[in-house]
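So the sequences go chain by chain: V and H.
If you use our numbering, the first sequence closes out at 217, no skipped numbers anywhere.
If you use our numbering, the second sequence closes out at 193, no skipped numbers anywhere.
Treat the hints with care, since some could be wrong.
[To be verified] DSSO-like mimics (lysine-lysine), calculated; alpha carbons at most 30 Å apart, straight line:
#1 H:Lys-141 x H:Lys-175
#2 V:Lys-110 x V:Lys-99
#3 H:Lys-69 x V:Lys-68
#4 V:Lys-75 x H:Lys-175
#5 V:Lys-99 x H:Lys-141
These aren't lab readings, by the way, just hints derived from the structure by calculation.
Small disclaimer: the values here were computed from a predicted structure and weren't measured.
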Amino acid sequence: MSIEHHPTDSMLAAFAAGTLDHGQHIAIATHLVSCPQCRTFTRSMEQVGGAVLTSLLPAAMSNDALAKVEARLNKPMRPATMAETAPTVPEAEVPGLPKFLRRYQFGNWKWIAPSVHLQPIVLPYDSDTRVFLLKSGPGTRMLQHTHTGIEMTCVLSGAFSQDGSHYGPGDFDLGDDTVDHLPVVDPGQDCVCLVAMQGDLRLHGLIGRMVQPFVRV
Amino acid sequence: MPSENEANSDTVQWGGLISAIAQHQDRAAFAALFEHFAPRIKAFMQRSGASEANAEELAQETMLAVWRKAALFDPQSTGAAGWIFTIARNLRIDYHRRESRGGMVEASDVEIEFLIDDSPQPDSILATSQSEDRVRSALTKLSDDQMRVVELSFFEEKAHAEIAEILEIPLGTVKSRLRLAMTRLRNLLGELS
Ligand SMILES: [Zn+2]
Numbered sequence: 001m002s003i004e005h006h007p008t009d010s011m012l013a014a015f016a017a018g019t020l021d022h023g024q025h026i027a028i029a030t031h032l033v034s035c036p037q038c039r040t041f042t043r044s045m046e047q048v049g050g051a052v053l054t055s056l057l058p059a060a061m062s063n064d065a066l067a068k069v070e071a072r073l074n075k076p077m078r079p080a081t082m083a084e085t086a087p088t089v090p091e092a093e094v095p096g097l098p099k100f101l102r103r104y105q106f107g108n109w110k111w112i113a114p115s116v117h118l119q120p121i122v123l124p125y126d127s128d129t130r131v132f133l134l135k136s137g138p139g140t141r142m143l144q145h146t147h148t149g150i151e152m153t154c155v156l157s158g159a160f161s162q163d164g165s166h167y168g169p170g171d172f173d174l175g176d177d178t179v180d181h182l183p184v185v186d187p188g189q190d191c192v193c194l195v196a197m198q199g200d201l202r203l204h205g206l207i208g209r210m211v212q213p214f215v216r217v
Numbered sequence: 001m002p003s004e005n006e007a008n009s010d011t012v013q014w015g016g017l018i019s020a021i022a023q024h025q026d027r028a029a030f031a032a033l034f035e036h037f038a039p040r041i042k043a044f045m046q047r048s049g050a051s052e053a054n055a056e057e058l059a060q061e062t063m064l065a066v067w068r069k070a071a072l073f074d075p076q077s078t079g080a081a082g083w084i085f086t087i088a089r090n091l092r093i094d095y096h097r098r099e100s101r102g103g104m105v106e107a108s109d110v111e112i113e114f115l116i117d118d119s120p121q122p123d124s125i126l127a128t129s130q131s132e133d134r135v136r137s138a139l140t141k142l143s144d145d146q147m148r149v150v151e152l153s154f155f156e157e158k159a160h161a162e163i164a165e166i167l168e169i170p171l172g173t174v175k176s177r178l179r180l181a182m183t184r185l186r187n188l189l190g191e192l193s
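Chain V with its partners taken away, still in its complex shape (with noise of 0.2 Å):
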């Protein structure tokens, strides 16, 4: 199957210098698990980073330096923490999710609207953006929204249609606050996004007003 909707360049290159928050890092990431395309591009953006490091005016460092580096050398390093963290999630659960992921906390899922489910993804550290996992049942409407921040979604299995575009497993969506949504859910299938949503959701609709008290990720 074949990603016909990718992160923007700039996005990609923001991950690769490493200045997205982090709930937008999940998001790239996520869809860099299946987009070869989009990897080469951030390895070669990695490649751009030696490139400007290396054409930085060199800042003088202390007399020292090195001799102190020296000195640390042959020390033993620190283990990493997070990397011994057990798996959460059981891959049966949710079709379609990284391995990555599951080195999070998730979350219960909580119900949000008839057949839309939310499961939040537990960041260890602070973020403007909230990530969870988004399930919605085959035929659904998802939620007409709009939001106040940029929001980013991946597709894990499933597929829905909006505004005439197909996204399947690995398409990658962009929303602003210009944007107001109107998925529909294939039929057949559950659809699992990954969704990493900056600022508020806003709903709109009955639907949307009834249940926009609960909508706190």
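Using the hints provided, position chain H with the ligand relative to the given structure of chain V.
Chain H with the ligand only, in chain V's frame:
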């Protein structure tokens, strides 16, 4: 301005020094790398908003990590400068988190965040010094303005506002120039591969 051949031999030289550390803990090689890269990493950190003292410390930590991770350096899949950049980048993220949160965060956690499903170097279809050269020649084809915004993308938003001021253009224009420059760079990389 070094000729392209000199630039290439540079690439080989830095990579060779990292391999020398990996193979026989070559301290002279480390000193040579330190002399070249540490002051540039310090500049990178200062430009990212770190104080002079913190930038100095981060540059030292980066070089220490270069020594410790030398065995993981794979000249087939990355250039030396690009590899050192990723180490500096991860330490910068770690630094910002510690700064905003207090307490200890491990840089190795940041590293894990950049591993896409346990494949640290996916899709190195091209032998890498080749891909480093490719990136290098793509960069030479950008206009000065485009190169400036590409450079800028490696720093935080704050820097974007600064460049807007320097170039006397609105922040929105900086962002749209950034998008254009990235698209051009991507096309150039595509043409050269
Ligand atoms: Zn892609």
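Hint check results:
1. H:Lys-141 x H:Lys-175: Cα-Cα ~20 Å, so holds.
2. V:Lys-110 x V:Lys-99: Holds, at about 23 Å.
3. H:Lys-69 x V:Lys-68: At roughly 18 Å apart (the allowed maximum being 30 Å), Lys-68 (chain V) and Lys-69 (chain H) satisfy the hint.
4. V:Lys-75 x H:Lys-175: Status violated; Cα separation ~44 Å.
5. V:Lys-99 x H:Lys-141: The given pair, whose Cα atoms are some 38 Å apart, is violated under the 30 Å limit.
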